[in-house]
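**Q** Can you make the complete structure from the sequences, with help from the hints?
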Amino acid sequence: MGVDRARARRLTESENDDDDDRSLDAREEVGDGDDESDEEDVDGDSVVRASLERASERDAEIADERDTRVRILLIRERDAEFARDPKFKSRSIAELNNEAVRYLKAGDDVKCVVAYAKVFRKVSENNVTHPTLYVCHSNRAFAYLNLGLFQEALWDGHRAQTLANERFTQLQDDDGSVKVFVKGYARKGFALMGLREPKLAKLEFERGLTMSPTDEELKRGLEEATQAVIRDLYIGRGKEKQYALPSSGKTSERISSLPYSAPLHRVHPRDMLPNTLLTPFQAENDYHLKDTYNYMTIQADIRVPKRHFKVLQDDVRRAKFSTAIKCAIDKMHDDAKDARVLNIGCGAGLNTMLALKHGAHHVTATERWLYLAMATKENLLNNGYSDDQVKVVYKRPTDLALLRDVPISCNVCVCDVFDDGLLSSGIIPAVRHALDKLLLPDAVVIPSSATLYAQAVDMRTPAFDGINLSAIDGYRWHPTYIAGIDLFENAYITLSDPVQVFQFDFLMPPDCSEKKTIDLTFTKRGKFNAVVFWYEMTLIDDVKISTKPGGEDCPSSMRAAVQFMPGKISIEEGSVLPLTCAHNTVGIQFSVEDAEYDQVTKKDASFPKYHFHMLRDEGRLHAYSDALGRQVARIKARGDTCRALDIGTGSGILAMLAARAGADSVVACDTHPSLVSVARRNVAANGYGSQVSVLKRDATQLERGKHAPYDGVNLIVLDVFDAGLTGDDVLDMIEAARKQLSASTCAVVPAAATIYCAGIEAYTSEVDGFNMSAFNKYRWDSTYEATYMRDQPYRVLTKPKKVFEFFFDDSQKSKGRETVLKMETIAHGYMNAVCFWFDLHMDEEETITTAPLGIGKGGTIENQRILGDFDGAHAKKVMCESLRRVRANMASNPRSEDFESDSAREGSSDRTVFVSDATSLGDDEFDDDDREEHYWGQALQYLERGVQVRAGKKIALLAKRQNGGVHFSLKEGVGNWVGKPPWKIEWGGGASVESPHFQRVHYCQLLVNDFLMRLRCKRFAPIEKDMKMILAHCGALFLEPHSLTDIYHHLVMLEVYFDWEDFSPGTKVESMTKPCLRLC
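Here the numbering used here is used: the sequence shown runs in plain steps of one and ends on residue 1080.
Heads up, some of the hints might be wrong.
In silico DSSO-like pairs for lysine-lysine, Cα to Cα no more than 27 Å straight-line [to be verified]:
no., residue 1, residue 2
1, 310, 953
2, 1068, 603
3, 306, 290
4, 801, 822
5, 980, 395
6, 636, 706
7, 984, 739
8, 306, 706
9, 984, 960
10, 87, 105
11, 603, 799
12, 984, 857
Since the hints were made in silico from the structure, they are not lab data.
Everything numeric in this text was worked out from a predicted model, so none of it was measured.
**A** Okay, here's the thing in structure tokens:
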């Protein structure tokens, strides 16, 4: 035995000498690189990376030689041991195992492996086994790791897990097999680290942490693996490559529709840009798809009207379309022709009425969405237009037929069927069908053309105060592209100049797909992970609209779109990369066909996108960081250890801030699997694994001693607030945590919160001289919405008032569930909504607020312009001008009862009537307010009753906490009922009693219930499969991409939520599907 130890010692000393020489050589090479880096950074970096690559190659050769020597030594020792103990087969397996364990505890790994060789020789030759044989494999794997034999350790670790799993399956009881199974992940992880596979090792450690989140060995391994991945990427190792199929040589392929009887597998989305398009008929009648398609159609139908208010509020877009429509009609008149207009996608009827105002003889207004078509008809009647002037048709554009739907061939076409991605709403199929079937050969088409531009960008989450948050960037993914969300300021770094991609002529719309490769020349060094694209649309002649981000005179309702790449590509300044651009007439796609990715993005459609915006809210993070530092210092000053709990950890940032502040241990919990993974990776990347444990667990189900320390936690930190503060059941979670986990003295960050509110007027009565007041019914909803009030036109009618105050640290008792507020009015107007927000009191030293611009902490009015119209003079002037324009438009209609001659119209223009109208309080009013608004936004709730108020009076407002949120209402009998969307009115269906519109939406809930009941059986394909099909054919089915994206995320999140094994009473689907107010 002494000879064996001496041999092992000499072997180790020889290896150490080799390591010392190798590390010395590496240091010398790196030093050369550093010297050269003083002259030029890029060359210096390349020298350092080349040196590390050479060192890595030498390491591999030395390691192989070393492993061979160790294996030879083990074989010799084994044979010698078999010769010394020829009767070992007569001994029991337990006795042989005890002998091996003694060697392992003594630190003699060679003898341990040799002793286990006797165990497995007996098992093999005597054909015997033992119920806990998995322990032997686990122990031998540990010995192999100590000896540096990582391949053998990997096999033993896997074998230990296999036997432990079989044992647990047989007994259905834990006799130690679960502990060994978890250890197996650590054994395999460290073995893969030794085999220079840190990415695979990282996955093993993460799998182990899902079963044992507090295991110190696994947390340490995850930290080491994360650091190794970063080192590998730095020297160019570990990149993943995705190959594309070789091109057949064709750059375009004719687009065709799916035959009625064709199977759906022919239109599988594959790369989300199919050349054989699904038809609406097929979607409506296919057995597997029709329920999903009907659900998507109805859900989009009830979402589109509210989004259309953005169009009505877009001054630039309205003015451009008005100019283009007038120009087209004037051209017809110059040629002595009557202007017969086909308005495809008429919305609320504004463009239709503009065409009639500018002299159109007849307009056929078509709309794919039911409630927009109903709104168009209502608005036309309210503005004096009769059925002989205009016809409203509720149909898809490709279903329109001449004579039946369109009375006569038209010579002007206004097609407002486009979105942020240009093609995904179906503008090309719509225009192509109109040109073939409904328009005259010399018809004028608005818009006439569009040019698409693209730009490579680096869109990543920056580090906060030295804390790396890059793990969340692994979830920047969407099946097509993200649109409908305003971009965050400084959301990305441009890496290339804009390049022109496609040009579309809508007078000759393409019927073929197109694919081209453009060389992108990069102007900056960075990580290429997204393409921002936009278009410049020519409506007619020189009337153009551009959606370029940051451009001048851009429409507020249109914005650039973002498509994420499959991963991050490292690029250098001056490098060139071929970007493949393709379209199939209803969708656009960008790709790099042969690229090496530093990290491939995880395709998780359920990931809550608002977390990206949350991490860019640096004002909030600084407030939390400072407050945590003060609270930890106070706990330490008492001589106590700081034991923290992070409820709803998300990305793990608050848990890491607590650990950095000095917390001895932090338990961070969340329920979304991907968020838990992100938090663990962030914790590992920043080296806080020894302090922070991340659990996939509902905060209301945590147990002291099992998930949290036996002594309880003495610091709770959380950010599970929505725009209305309490909508995500934060009060219940804090109460459960305090009862189950908190020590006798427990601090909470934030310590308290106060809700404030103000009565406002958010009402559209007139747009461009047309009465649009009937459209306001589509504003109302039974719940509040999250928004930035700066994006809304509104008027503040009352002073802010405190509503509720909550003390999370239980220092004082909170108010009851109801309160009556006496709101002091400061302006004349029509109060139909309430805006409310909250102040977060981090501690007694710091408070942050989500108040709208112009209002500060404590509900104080900071911008005096809010109080500047106390007598209502300005509002009255604006309202009277609005009424004058409406009357002028009605009087100019020769077929209206209100028609007046020019002279009579001039004489009556001074008549005014006091009516309510909204005056915008947006960015222009608060240019001097540079306060950063937090990611929560403000809550906006529309009242069931609206009331006219006058300045200097008081109005009673009832605030009530119900269903976790806050609800406002006027005193019973005050004001008049406001209009509601048809699907919100349950009764009133005539003989059927129940409203058919209500039944239509209720049918959607029945479909969802049926879908959820089928989840547990696992016999059906996931809903995402059908959703991808619909999304890939969005333009061919004339669906609305923004609504489709919201519904997609909601259904996928429902599937994840209801598929969890453990019931989570503290989790709400709404908290995971909150809208992202800014894209970043």
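**Q** Does each hint hold? Answer for all of them.
**A** A quick look at each hint next to the structure:
Of the supplied pair hints, the one linking residue 310 and residue 953 is violated, its CA atoms being roughly 32 Å apart against a limit of 27 Å. Of the supplied pair hints, the one linking residue 1068 and residue 603 holds, its CA atoms being roughly 23 Å apart against a limit of 27 Å. For the proposed pair residue 306 and residue 290, the alpha carbon gap of about 26 Å is at most 27 Å, so the pair holds. Pair hint residue 801 plus residue 822 holds up; C-alpha atoms about 8 Å apart against a cutoff of 27 Å.
Between residue 980 and residue 395 the CA atoms are separated by roughly 24 Å; this keeps the pair inside 27 Å, and the hint holds. A hinted pair counts as satisfied when its Cα atoms are at most 27 Å apart, and residue 636 with residue 706 qualifies at roughly 24 Å. The hinted pair formed by residue 984 and residue 739 fails the criterion: a straight-line CA distance of about 40 Å is larger than 27 Å. Restraint check for residue 306 and residue 706: not satisfied, since their Cα atoms lie roughly 48 Å apart, outside the 27 Å limit.
A distance of roughly 21 Å separates the Cα atoms of residue 984 and residue 960; the hinted pair therefore holds under the 27 Å criterion. Annotation: proposed proximity of residue 87 to residue 105 holds, straight-line Cα distance about 24 Å (limit 27 Å). With a CA separation close to 47 Å, the supplied pair residue 603 and residue 799 exceeds the 27 Å bound. Distance restraint check for residue 984 and residue 857: the Cα-Cα separation of roughly 36 Å exceeds the 27 Å cut-off, and the hinted pair is therefore not satisfied.
Of the numbered hints listed earlier, those contradicted by the structure are 1, 7, 8, 11 and 12.
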